[in-house]
Amino acid sequence: MLAAPTRTLRALPASWARRRQGTDPLSVTLEKRRIYILPSRFGVTFGLMILAMLLASLNYASSLGFALTFLLTGLGLVIMRHCHNNLRGTRIRFAGARPVFAGERAEFQFSVSNDAPSQRFEIVLSAQGLDTDARDLDAGESQRFGLKVDAERRGVKRLERFLVMTRYPGNLFRAWAWVHMDASCIVYPRPAPRGRPLPFDTGGEGSHGLEPGDTDFIGLAAATPSDPPRRIAWKAYARNDELMVKQFAAGEQQARMLSWDDLPELDTEQRLSQLARWCLDAAERDNAVGLVLPGKAMPPGHGHRHLAECLRVLAIFEQAPER
Amino acid sequence: MTAVASKPQDDTADRLIWTAGVAAGASLPHWPNLPIWIPALLGAAITWRLGGAMFGWRLPKTPARILLAVAALAAVLAQYHTINGLQAGTALLVVMVALKYLESRTARDQLVLIIIGYFLVFASLLADRGALMIIYLLGFVWFTTVALLQLGRRGCLRPGWDTSKRALRLLLQALPVTVILFLLFPRLPGPLWGIAGTNTSGSSGLSDTMSPGDLTELGLSDEIAFRVEFYDAPPGPNQLYWRGPVLSNFNGRTWSTDGPSMRGDMLDHLEFIGEPIDYRVMLEPHGRNWVFALDMPQRWTEDRGIRMESHFQLVRLRRSIGSRFDYELTSYPRYRAREALTDRQMEYYLRLPQNSNPRTTALGREWREQIGDPREIIRRALNIFRTETFFYTLTPPPLGANPADEFLFQTREGFCEHYSSAFTALMRAAGIPARVVTGYQGGELNAYGNHYVVYQSNAHAWTEVWLEDEGWVRVDPTAAVAPDRISSGLSRTSLAGQESRGAIRNLPWVRQAMLVWDAAQVYWSDWVLGYGPETQRDLLESLGIDRPHWAKLVTLAAAAVLLASGLLALYLSWAYRWRKPKDRASALFARFCRKLERAAVGRRAATEGPLTYGNRAAAVLPGSAGSIGTITRAYLKLRYEPGASPADIDAFARLVRGFKPASAR
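Residue numbers (the numbering used here), protein chains in the order written: chain A, 2 to 324; chain B, 45 to 709.
For reference, chain A alone in the conformation it holds in the complex (with noise of 0.2 Å):
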């Protein structure tokens, strides 16, 4: 009952954070107005004891004691100066996500930069609860951040919010900033379980024999670095030291269409998941295939580019473009 309304206070100052800073671009610099300081438990146990020391200071009327208590007090300040300052001037980059499949963890690649000429301490990325390594920058350096988020139905994955952190020095004090960047990634639908023969097959499930676009051997090749090794004439490298490839003629004579109409009898996802998995098993093959869904059309083409070009069309089907 109480856990919605806290939430809802907890989220308050995020959101009027949000509105306060607008929409990041995808490379920032940290300023001072964005950067804030709590201290953290730690901090407030330590700020606990200056208390005590203080008021045992004046009981026994002690100078000493005043000496350290306010010493502490100081270092304490210096300390969230430092603290503060460890995040001020850092740049953040959005680097890219690659695209993942429904029910993984998209990983959204930040670059961090400390361009300035002292090091940085204990830089902490952190999104929905989950944080990054803490990690040191040194003068002028950059470094890799993956942030790792649940993606869990396919779209587009949109990283609403994520914080840069750091606890340096002695873990007294937290400074954050939020940073909102239209950082996105593309979540694939989940494939269906393996079973369902593609469409054109017309050998029995699962025939991992002989396959008809195999048998249309029509040459070979000289390779390139880009072709799958399954296609590399391995007895032709044996004879003649060159690397050749296989060339088939499958695809190009028979359009094999993989289409929205084959499955009538699933729903929406279920459809994308299937034919998620069948551009899957088709790829695995080395097939051609093309899609076809209402309003819109893959022509068949294969390779890995092709193939993510189809389950790109297949994780963005019947979702708005822009939110």
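Check each hint, because a few of them may be wrong.
[To be verified] Computed footprint of chain B on chain A; a stretch qualifies when at least three of its residues, placed anywhere within it, have a C-beta under 8 Å from a C-beta of chain B:
| hint | segment |
| --- | --- |
| 1 | 24-30 |
| 2 | 260-267 |
[Unchecked claim] With the C-beta cut set under 8 Å, the calculated list includes, among others, these residues of chain A facing chain B:
| hint | residue |
| --- | --- |
| 3 | Met50 |
| 4 | Leu69 |
| 5 | Val79 |
| 6 | Ile80 |
| 7 | Arg82 |
No lab work stands behind these hints: they were computed from the structure. Don't be surprised by glycine CBs; every beta carbon is placed ideally from N, CA and C.
Knowing the structure of chain A, use the given hints to seat chain B on it.
Chain B only, in chain A's frame:
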């Protein structure tokens, strides 16, 4: 994938070693005051826990730890019967450190130990103020701060030396705030609550009883009793009698005070003669309420609770002197204490216990009958000390049941206590009201600090006799035997029975060093140890702030702290500002251009490229055309061709350095 996804290596043992350093170092100063089992417990806990981390020893499970905690707490209670107060509290803290260390698992446990570490340092500061200890504690605060930086890290630990430098920098940057708060934070004159178990009994000082003959060796402590700053010329050494407790109760062996009693304003009985002496006394804590003053004080600092009790002795009312106590006085070395004695008082100051010291009593009676005149009796007694074989020694033989008899007629060796005691007894027997006054005599001038130092070894006892027409008069029988002791009161060596120590103290450079050290201690005491409500008021007055309200002080302190903090922020943003990396090649080329400029080529125009400028220069200086061309081409190559190595720039630097323009045509 993350670029560097290395898991932080396991540094549990390193962290535990840092924590162990804090635990051991913080408790070390307390070990001498703790029962032996507490340091032993701490050592065992550290060994056990470290063994667990490094060699996989089995650590105690939770029930065992709870049992241990209860047992340790019970043991502390049994030892001290309380957990309140400095001693018991410290013992409890050290026990807590041991238990916490044993169970420390997380970073939070270790940080808690750091807090306790700071607290133990704090407790040491409350208890001990020796210079060496303070140096140790300062160093240890540094160490603990390094540990704080290390253990506060989430990632793996950094190199110790680098972190030490950072911690030192943080502490130095904290100094301004420390000084501001130290000077401006409102100081309160009294304790907030009762202080349990403040231990000052161990410190040496005068006592309220005196039993000559009990002590066979006077403890000559080098401890400082108080320091004195004379505002004008100091009085002569034979006038430096610092009046302390007056002992008028005699049981035959022991003199004791009759407790402070107030009897109207004693100043009414005093008549001051001659020039006043204004001075300030910085009294070290001695745990009693006596306030020492040059015989005879006429005026003293108000509002300090100082009163003159019935023996013209100054005391602080209600509170003993548990911390350094500063006060200002005016005294007159010449005075008359014309106090009229009632019959009861007369009887009191003449009282001698029956059947004790019979020979002394008999001699006194004899003198009273034969001589009669008190002055003559006093003269006769002093004459005996002066002319017969009496020795002044700090290691006298012990005396029995009738110390005055034995001293006067047998041993004849002793120090001030023996002389004043026997003399006072003799006076009483002769019908002259008399009492023993204790205090200090003399003092050592410290030219560096421009003040006198009075040591515990300056402790002295003399006699006051009451004469019908003059009142109380000081008589110092010791002076009759050892006039050096009094006249050279500035030098303590004549007093020093322990020759070896005296000899070392007499080496000129040792003396000098000790004087400088003492002067430093005075400044330290004045501005650090003794900084309290009064000093603060003086400082603020000198700054033009008169008797400020505490709220005003707090505001002032807060403003100053904000200012200091703002300055630090400015410094930090300067230190972290982005700096353009220095381009060595263009700096070198600029230098080359300056050389040409001086050689009558003229300034390089803003629109002139390096090549054009080089050609123009070659035309003006045909003798150097070759080298000018080489340098210009080398510069362009550095500028526009990729892959210039530092070696190339070094070669370019050599070219520029070696270039000497030929004289113009």
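Self-check item: Contradicted hints - numbers only
Solution: 1 and 2
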